[in-house]
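2 protein chains.
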Amino acid sequence: MLADVIRIIPLGGVGEIGKNCIVVEYGDDLLVVDAGLKFPDAEMFGIDLVIPDVTYLRERRDQVRAILITHGHEDHIGALPYILPHLDVPIYAPRLAHGFITAKLREHRLLEQSDLHVVEPDQVYTLGSFLVQPFRVTHSIPDAVGYAIHTPVGTVVHTGDFKFDPTPVYGPPPDIRLIRAIGDRGVLALLSDCTRIEHPGFTPSEQLVGTTFDEIIRDLTGRVIITSFASNISRIQQALDVAGRYGRKVALVGRSMAQNTTVATELGILRPPDSTIVRLEEMRRLPPNQIMLLTTGSQGEPAAALSRIANGDHRQIRITPGDTVIFSAAPIPGNEESVARTIDNLLRLGADVVYEALATVHVSGHGSRDDLKLMLDLLRPRYCIPIHGEYRHLVLYRKMAIEAGLRPEHIALLEIGDVVAVDADAIQRVERVVSGQVLVDGFSVGGTLDVVLRDRQHLSRDGVMIVVVTMDRSTGELLAGPDIVTRGLSLTPGNNGDLIESARLRVREAVVNHATEIDHAFLSHKIKDSVGDYVYRQTRNHPLILPVVTEV
Amino acid sequence: MLADVIRIIPLGGVGEIGKNCIVVEYGDDLLVVDAGLKFPDAEMFGIDLVIPDVTYLRERRDQVRAILITHGHEDHIGALPYILPHLDVPIYAPRLAHGFITAKLREHRLLEQSDLHVVEPDQVYTLGSFLVQPFRVTHSIPDAVGYAIHTPVGTVVHTGDFKFDPTPVYGPPPDIRLIRAIGDRGVLALLSDCTRIEHPGFTPSEQLVGTTFDEIIRDLTGRVIITSFASNISRIQQALDVAGRYGRKVALVGRSMAQNTTVATELGILRPPDSTIVRLEEMRRLPPNQIMLLTTGSQGEPAAALSRIANGDHRQIRITPGDTVIFSAAPIPGNEESVARTIDNLLRLGADVVYEALATVHVSGHGSRDDLKLMLDLLRPRYCIPIHGEYRHLVLYRKMAIEAGLRPEHIALLEIGDVVAVDADAIQRVERVVSGQVLVDGFSVGGTLDVVLRDRQHLSRDGVMIVVVTMDRSTGELLAGPDIVTRGLSLTPGNNGDLIESARLRVREAVVNHATEIDHAFLSHKIKDSVGDYVYRQTRNHPLILPVVTEV
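The listed protein sequences correspond, in order, to chains A and B. Counting from 1 along the first sequence, just add 79 to a position and that's the residue number in the numbering used here. Counting from 1 along the second sequence, just add 79 to a position and that's the residue number in the numbering used here.
These aren't lab readings, by the way, just hints derived from the structure by calculation. A portion of the hints provided could be inaccurate.
Claimed, not checked - Stretches of chain B that chain A covers, calculated by requiring three or more beta carbons in the stretch to come under 8 Å of a beta carbon on chain A:
| # | segment |
| --- | --- |
| 1 | 118 to 129 |
| 2 | 411 to 419 |
| 3 | 461 to 474 |
| 4 | 515 to 528 |
| 5 | 547 to 561 |
| 6 | 615 to 624 |
Just so you know, even glycine gets a beta-carbon here, dropped at the ideal spot from N, CA and C.
My request is simple: use the sequences and hints to build the entire structure.
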C-alpha cells in the first residue's frame with residue numbers, strides 16, 4: 080500500500096440508514112468513525128439487532144488507533160459492546176455520548192477493560208499519524224461533533240449527523256467559524272450526512288418544538304403525556320421547561336427514559352427545573368392539570384411503555400378522556416403501522432392525540448438540502464462522499480454537489496465494503512473488503528444466524544411439516560409411522576385429515592422395501608420428494624419438510 | 080326489529096383502510112355497499128388476502144337485496160369471489176367496476192351463476208323497499224359513484240371514495256347539482272370517506288400529474304418507464320397521451336396492467352392514441368426516445384414486473400443509464416420499505432428515478448379536508464358516520480363535522496360489527512354482530528387459518544424444535560432417540576452440539592421409566608417441560624417444541 084494515499088472504507092452507513100462505521104486509513108494507521116447498530120427490518124424475524132461486519136478491523140487490530148464517536152445515538156454507538164471484545168482500541172466521544180457509552184459498557188460488563196476518552200471540540204488529538212480535530216455541530220441529541228482528520232496527504236472531514244440549528248436548546252450553535260477555517264486550510268475529502276436531501280430549505284430549529292409544546296399545553300386542564308426518543312435530551316429539556324412553566328410535575332416512564340435523563344442530568348446537560356421530576360407513584364395525589372408523563376414508545380414498539388398504556392395493560396397508567404398524548408417523533412421507516420396503531424388505540428381510549436401531521440411537535444435533527452449545501456460551501460472539498468443515506472439520498476446529494484460546482488468524477492457513491500483511495504490527483508475505487516451485516520439474536524452474534532433467519536422466513540410463509548419414520552436397523556423395514564405433524568401449514572377446511580392421510584401413504588410407498596441398509600440422506604430425500612409437490616398442489620403452501628428417520 | 084329505524088352495520092372499512100363493506104338495513108331488506116379485500120399486514124405471514132367476515136349476511140341471505148359497488152378498486156370489489164358462493168344476490172356496479180368484476184368472476188369460474196348489473200348515475204333503482212340513486216363522484220379510478228339510499232325513514236348517503244376533481248381525465252366532474260339536490264331533499268345519515276382528513280385544502284386534480292408527465296418526458300432522450308396502479312385508468316390515459324404527443328410507443332408490462340387496460344379500452348373508458356400501444360417484443364427495433372413502458376410494481380411488490388426489473392431478473396427488460404423511471408403512486412402504509420428498496424436498486428443500475436418527494440407525479444384520489452367539508456355542506460345530513468379511515472381519521476372527521484355545525488352526539492364513530500339504529504330522533508349503537516376478518520391463503524379461506532397464522536408468527540420469531548422418541552409399545556421402554564432437530568433456532572456459536580446433547584439427556588431422563596402404558600399427552604408434556612426453559616436460558620429463544628412419540 081502506498082503511504083501517500085488515504086483509504087476510506089465504509090463498513091456501514093452508505094446505501095442504508097444505520098450501523099454507521101467508516102474507516103479512514105493512512106499507511107499503517109486506521110481510524111474508525113462510529114460503530115453503530117441498525118434495528119432489524121420487518122423480514123428479520125426474531126433478530127434483535129444488526130451490526131457491521133468488522134472482519135477488516137479484526138484482521139488489523141494492531142493498526143486501529145481509535146474509534147471516534149460523533150454522537151450518542153444507537154446507530155453510532157450501539158455496536159461497541161459487540162465489537163470491543165475483538166478490538167483493544169481507545170474510544171473518543173463527546174461528553175454525552177461518553178456518558179451513554181459508559182452506561183452501555185457497564186451493562187455489558189465491558190467497562191473495566193475499556194479505554195474511554197472524552198473529546199472536547201476546539202482541541203486537537205494526535206492518534207497515530209492523524210491529527211484529529213472535532214468540531215461542534217447540532218443534531219437531535221446534544222453534544223454532537225464532526226471530525227476533521229488531518230493526514231500528510233490532506234484532510235478528511237466527517238460531518239457526523241448534523242443540521243445548522245442557530246438556536247439549539249443546549250450548547251452553542253454549530254461552530255461555523257471553525258468549520259470555515261478547516262475549509263480555508265483545504266479539505267481533500269468530505270464525508271457528509273445526506274439523509275434529508277429530499278427536503279428543500281433548512282431544517283427548522285429544535286426550539287420550534289418547544290414553542291408548539293407551550294401552545295398546546297398552556298391551556299390544557301387534563302394530563303399530558305409526551306413520547307419521544309429517550310436520547311433526545313433537548314426535547315426532554317423543552318418538555319420539562321414547559322411543565323415547570325405551567326406548574327406540572329413530570330414522571331419519567333420507561334427504562335431508557337429514566338436511564339438517559341439520569342446520565343444527562345449528572346453531566347449537567349439536562350437541567351430539570353427545580354423539583355419538577357417526581358416518581359410515578361407521587362402522581363396519584365396530583366390533579367390532572369399538574370401531571371406530565373414522559374414516556375418511551377414513540378415508535379410503537381410493542382414492549383415500550385406507551386404501547387402498553389395504549390393497549391390498556393400498563394400497571395400504573397390508564398388513559399382517561401381529557402388526557403392529551405403528544406407524539407414528539409417521526410416514525411422511522413418501517414414503524415409507520417405500529418405508530419398508527421398506537422395512536423388509534425389511544426384515541427379509542429378517549430385521549431386527544433397530537434402528532435406530526437397535526438402540529439410541529441417534531442423537527443428532524445438532520446439537515447435539509449440547504450444545510451447540506453452550506454456545509455459543502457464552508458468546506459469546499461476536492462472530493463465528496465455522501466454517507467448516512469439510502470442509495471437514493473447519495474444520488475441526490477451527488478446532483479446537489481455537481482450543481483455546487485464539484486466535478487462528477489470527484490463524487491464517490493460507495494457501497495458497504497468499497498475501498499476508495501484518495502490523493503491529490505484522484506478518488507478511485509480500488510478494491511472491496513469483507514463486510515456486510517452481522518445479526519444478533521439473544522446470545523448469538525453472527526455465526527449461523529443467516530441460515531437461522533432464512534429458515535424462519537421459510538417457516539413464516541409456509542410452516543413446517545415433520546415426517547417421522549421408524550425403521551428396523553437389521554431389515555430396513557418400516558416399523559412405525561410415517562407420523563406427520565404440521566404447524567403453520569394452511570390445510571383447506573375439510574381435507575385436513577385426507578391430506579395428511581394421503582401424504583402418509585405417499586411416504587410409506589417411498590420408504591418401504593428400498594434397501595436393508597438404512598441410508599438416512601437417501602430416505603430423507605425420498606420423503607421430501609414424495610410429499611413436497613403433492614402438498615403444494617393441495618394447499619399452495621411449500622412447507623419446510625423435515626424428515627426424521629429413526630432406527631430401532 | 081322496528082320497521083321505522085334504519086340499521087347501519089359496518090362489516091369492514093371503519094377503523095381500518097380496506098375490506099370496505101357496509102350494510103344498510105330497513106325492515107326485512109338488507110343492502111350491502113361494497114365487498115372489498117385488504118392486503119395482509121406485515122405480521123400476516125404467508126396470508127394472501129383478508130376479507131370481511133360476512134356471517135351476518137349469510138344468516139340473512141334471503142333478505143339481502145343487492146350488493147352496490149361504488150368503484151372498481153380491490154378494497155371495494157376484491158371479496159366478491161369469496162362471498163358470492165354463499166350469497167345468491169345481484170350486484171350493481173358502475174361500468175368500469177362492472178368490467179373488472181366480470182373479469183374477476185370469470186377467473187374464479189363464478190361468472191355464469193352471478194347476477195351482475197351496470198348502474199348508471201342519474202337513474203334510480205328499486206331494490207326491496209329501497210330507492211337507490213347513484214351519483215357521480217371522482218376518484219383515482221374512472222366511473223366512481225356514491226349512493227343515495229332512500230327509505231321510508233329517510234335517506235342514507237354513502238359517498239364511496241371521492242374527491243371533487245373539477246377537471247377529471249375521464250368523464251364529467253362530480254355531480255354537484257345532484258348531490259346538492261339530494262341534500263335539499265333531506266339526508267338522515269351520511270357515510271363519508273374520511274381517509275385524507277389530515278391534509279388541509281382540496282386534493283389537486285388528476286390532470287396535474289399529466290402536466291408533470293409532460294414536463295419530465297418532453298425533453299428526455301432515453302426510455303421512460305412509468306409505474307402506477309393498474310386500476311388507475313386515468314393515470315394510464317395521461318401517460319399514453321404524453322407518449323402519443325412525443326412519438327413514443329407504449330408497452331404494457333405486468334398481467335394486471337395488460338388486463339385492466341384491455342377491459343377499460345373495450346368499454347371505451349381508456350382511449351389510447353392510435354397505434355401507440357405495441358407489444359413489448361416490438362420495442363427492440365425502436366430507439367430509446369420512442370419507448371415508454373407502463374408497468375406494475377409501484378408498491379415494490381416482489382413478484383411485480385418493476386421489482387424484477389430493479390433486481391435485474393426480468394427476462395426482457397434491462398435497465399441502462401439514460402432510462403427514467405417514474406413512480407406515479409404513493410406507497411401504501413407498510414410498503415414504504417419495499418418501494419424505497421426498488422427505487423434504490425433502479426438507481427444502482429443507473430436509471431434516473433422520479434418519485435413523489437421530487438415532483439408531482441402522483442396525486443391522491445381521496446378528498447382532503449376541504450373536499451370532505453364541501454360534501455358535508457352540500458348534503459347537510461342530520462347524522463354522520465365517517466368511514467374508510469383508520470380510527471384517527473374518524474376522530475378528526477368528527478372534529479371537522481362538529482366545527483361545521485353538527486351536534487357531537489349526531490356523529491357516530493363505529494367499530495367493525497357495531498350496529499347503529501337511526502331514525503329522526505337519534506343515532507345510537509344498539510348491538511354488535513359477528514364480524515371481523517377472514518384470512519385467505521392459497522385454497523384455504525378462514526377455518527383454522529387464525530391458528531395457522533399464530534403458529535407461523537411463533538415459528539418466525541423463535542423457530543421450531545422437534546423431539547422424536549421411539550418407545551416400546553409393550554414395555555414402555557425408550558427404544559430410540561431422543562432425536563432432536565431444530566430449524567430457525569439461534570444456537571450460540573460453539574454450544575450448538577452441547578445444547579442439543581444436553582437437551583437430549585434431559586428428554587431421556589424425562590421419558591424413561593415412567594410407565595409401561597404409553598400416554599402420549601403425558602409424554603409430550605414431559606418432553607416440553609424438560610427442554611423449554613433450558614433452551615430459553617441457553618439461547619433466549621422460545622422455539623415451538625414439537626414432541627413426536629412413536630411406538631414400535
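Taking the hints in turn, this is what the structure says about them:
no.	hint	result
1	118 to 129	holds (count 4)
2	411 to 419	holds (count 5)
3	461 to 474	holds (count 4)
4	515 to 528	holds (count 9)
5	547 to 561	holds (count 5)
6	615 to 624	holds (count 5)
Going down the numbered hints, you'll see the structure goes against none, and every one checks out.
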